[in-house]
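With the hints as your guide, set chain B onto chain A.
There are 2 protein chains.
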Amino acid sequence: MTAREAYDQLRTHHREAVLFGSMGALMGWDQRVMMPKNGSKFRAEQMATLAGFLHDKETDPRLGDWLARCEGSELTTDPTSVEAVNIRWWRREFDQATKIPKSLAVEMARVTSLAEDEWAESRAQSDFKRFEPWLSQIVDLTKQAAECLGYEDEPYDALLDRFEPGMTAKEIERLFQPLREYTPKLVQRIQDAPKKPNTSILNRHFPVQDQVQFSREAAAALGFDFDSGRLDPTVHPFACRVTPGDTRITTRYYEDQFNPSFFGTIHETGHALYEMGLLEDHFGEPMGESVSLGIHESQSRMWENVVARSRPFWEKFFPIAQQRFSALSDVSLDDFVFAVNAVKPSAIRVEADEVTYNLHIMLRFELEVALIRGDIAARDMAEAWKDKFETYMGFRPPNDKEGALQDVHWSGGMIGYFPTYSLGNLYGAMFYNQALEDLGDLDSMYRRGEFSPLLDWLRKKIHNQGCRYDAKKLVEHVTGKPLSPQPLIDYMEAKFSALYGL
Amino acid sequence: MTAREAYDQLRTHHREAVLFGSMGALMGWDQRVMMPKNGSKFRAEQMATLAGFLHDKETDPRLGDWLARCEGSELTTDPTSVEAVNIRWWRREFDQATKIPKSLAVEMARVTSLAEDEWAESRAQSDFKRFEPWLSQIVDLTKQAAECLGYEDEPYDALLDRFEPGMTAKEIERLFQPLREYTPKLVQRIQDAPKKPNTSILNRHFPVQDQVQFSREAAAALGFDFDSGRLDPTVHPFACRVTPGDTRITTRYYEDQFNPSFFGTIHETGHALYEMGLLEDHFGEPMGESVSLGIHESQSRMWENVVARSRPFWEKFFPIAQQRFSALSDVSLDDFVFAVNAVKPSAIRVEADEVTYNLHIMLRFELEVALIRGDIAARDMAEAWKDKFETYMGFRPPNDKEGALQDVHWSGGMIGYFPTYSLGNLYGAMFYNQALEDLGDLDSMYRRGEFSPLLDWLRKKIHNQGCRYDAKKLVEHVTGKPLSPQPLIDYMEAKFSALYGL
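Quick note, the sequences are listed as chains A and B, same order. Quick note on our numbering: the first sequence kicks off at 1 and runs consecutively. Quick note on our numbering: the second sequence kicks off at 1 and runs consecutively.
Wrong hints could be hidden among the right ones.
Because identical chains share one entry, a pair is satisfied inside a single copy or across any pair of copies.
Straight-line distance between alpha carbons at most 30 angstroms, and here's what the computed DSBU-like set of lysine-lysine pairs gives [as the list claims (entries may be wrong)]:
1. LYS102 with LYS57
2. LYS460 with LYS41
3. LYS401 with LYS472
4. LYS460 with LYS37
5. LYS461 with LYS37
6. LYS195 with LYS37
7. LYS344 with LYS37
8. LYS481 with LYS196
9. LYS41 with LYS57
10. LYS461 with LYS41
These are computed hints drawn from the structure, not numbers from a lab.
The shape of chain A in the complex, shown without the other chains:
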């Protein structure tokens, strides 16, 4: 078998796998958006059956043979060629799938499935003690998984690598350090500032039907193609690509809150625009897939915070909002822009503003690194959380529900996931600076409702690249500079100094 023949086998194999995987994506979307209540029992059975089938496909020993035939062949001479990229990532996926023994994978699935229910119950009762043995088990199993996956420096790196390939704990510590020093000071300056936003204007009456229409209009203006996607209401919003040509986003509506549905929709639109920009011809290949959670988050947060919370954006959209919502008729543009950018420390991550959000992430990152390093035990997590939170935010969360129990991630075994949120902010700030340099006066474009120059730039520079470069290399490739937290800090300093008159 020639390398080319082996490569074609790999393509065919993965094309079929991704088609089956996309059935799972549809089932997942349907489950959270459409499925009637009593469908859940058999939906779980469908999902488990599909997962078993896909696991067998991912660990098919022929993959190892085909990969070995390709590696070192003429197909991998140029490491940025389509073939080389695909072979490299298929190898990575195959190794990840085969390194974890089936017994461990099954045990992990069993424990996390139970732990998610236990977590929900523990959170409802705000009772960390109840959840503690589950967290403890999950940490043990996760450490075992890290040993199987392998790492150069420390076990946490193996966990992180699942979500942000190539990133390490040490590197993140280095990147987050300046942010950790800067952010609490900025929050303090904001709290001391005499200027305060009037956020009550965002808690007036906003009829749901009007929110639906306004969110759709904005998403479409940014480039979301409703012939290639949908927007529906759900409880926990998410974005999901079923297949090329079919990317679906979700949001939630509150009659007395402007922010959640609007900025939630824009956030998910950012994710969707990335998915919509992946290369259809490479569906089923790493060249046609998103490269990391951090890069994904850079897209959602850039559109949500940098674009849709900017004054130029609202110079275009505020008059439209005022036509639609009588509640905004007596509000000025400046007051509105100030309100949607209000900074205020709060206990819950998903409700956090653009500035304090990174503190929530750094807190979680530090705690989970300590958990895996063995520096703190699962049983001490609730108090460790409160202590660290107080240091960062200046107050103590009132209970575990608003403390260590607020997020689902750990109960699902997703240790190593959190830092990708803030990495997204770092990446996004660097990308955006480069876009400004390449495209010029983006603000004037927004004032005219023109978002396609930015989108086209992101398509070309990031979306169409698929997995050609890992996240760090992609940043360097796009911006010509090494990854750094400084652009994010500069962005926040400029934006919030102006808003709060610091």
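Below, chain B without anything else, positioned relative to chain A:
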């Protein structure tokens, strides 16, 4: 391997197959109800991939070994035991799947896929000549399939058997004969009657949102469980069970027509109630599946025509309808019931009333039997249709679009499907007579809004029986009488004599 072990292998195998099949059901629903336009290309690829996978599962040679081990064993001693029923039908499915050579299945899939598009185009242009070569090819391929499948008497029986197991052309001819004699005479008497319904009251203004609510209320009252299903709008309505606990129906709304959404919803509710009544514990086994299209249709037509077009039903629901639709405020109950039961020959089957509907079916049945027997050629179909239509209905369809091109079935290779619609009416009349005998005064129950006695009876007698008896035997088992068209004729005679004062 013991027979019991082989049986367990069969169960496991089919359970997995039905779970994958149910992913296809969800994709099919989604495609017609939710999917954005540009999702169609990859949806087709998903469906083709799944179909290939399922075909391999259905023709897995191990099935033949397992079946051989079970057949004649102690598991099949009682032919109505769960095991015997499942083994019998699994054998049937395996034989059907393996008797058609892959080359023929692939060619059939290719031709029908193209033919469906060609049919749509030909229909749009009302140009039978354009479609004729496709029909000709499909008839040839279908005849080949009939030879592969095998038959006792004539090829058409093999085709019919795919949709109505155990039924034959001769038997249907015998059953339809009295109906063919009776129906045109009834239509003539109705046309000669001095009493005429005022159907214009059904073409007033019915706001879509109110139609949605009213249809939902009625479906729920009949027993459709919205925790185990959904109702959504679509272009070509259908019902589909994704899994137990998840059965979805669809309908379409016209602001100026009362009938399509309301009776369409009740029709699909009838299908859904059958699916909802199948035994969850036997999901993936013939014991937990519907037995034939004719039995399915008996359920949908019974609820639609016998129940929901009856005066007692409207004694309960007409006051509710009047509250919801101001267009009905000046309409009397009698006029309304007369209007929803109006009989009038028309060219299009899907718009036909309860009486002329069977003429549409008999026409198609006779034409397709003649096609397969070689008594008429595909090229003569358009004229043959018009001639026969004129004989049955008293006027000639104005064009092919309203003639031989109106239905999708033949272009999809579904020759043998049409008679199941009228068989459903025959079965339904017999079932309903038995229900009246067993349950007493159903009319009074409807006046009180009580439909669960009928539903519970159908559950026990029909739905829970799965494939235990084939359609004809099920009728005999439930009613103690052999299948006959007389109950349907008696029902129509009584109902329409009273309505039209014949």
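The hints, checked one at a time:
no.: 1; hint: LYS102 with LYS57; result: both (13 angstroms within a copy, 24 angstroms between copies)
no.: 2; hint: LYS460 with LYS41; result: between (43 angstroms within a copy, 24 angstroms between copies)
no.: 3; hint: LYS401 with LYS472; result: neither (35 angstroms within a copy, 61 angstroms between copies)
no.: 4; hint: LYS460 with LYS37; result: between (42 angstroms within a copy, 25 angstroms between copies)
no.: 5; hint: LYS461 with LYS37; result: between (42 angstroms within a copy, 27 angstroms between copies)
no.: 6; hint: LYS195 with LYS37; result: neither (48 angstroms within a copy, 49 angstroms between copies)
no.: 7; hint: LYS344 with LYS37; result: neither (38 angstroms within a copy, 43 angstroms between copies)
no.: 8; hint: LYS481 with LYS196; result: neither (36 angstroms within a copy, 84 angstroms between copies)
no.: 9; hint: LYS41 with LYS57; result: both (25 angstroms within a copy, 24 angstroms between copies)
no.: 10; hint: LYS461 with LYS41; result: between (43 angstroms within a copy, 26 angstroms between copies)
Figure legend: structure checked against the earlier numbered hints; hints not met, in rising order: 3, 6, 7 and 8.
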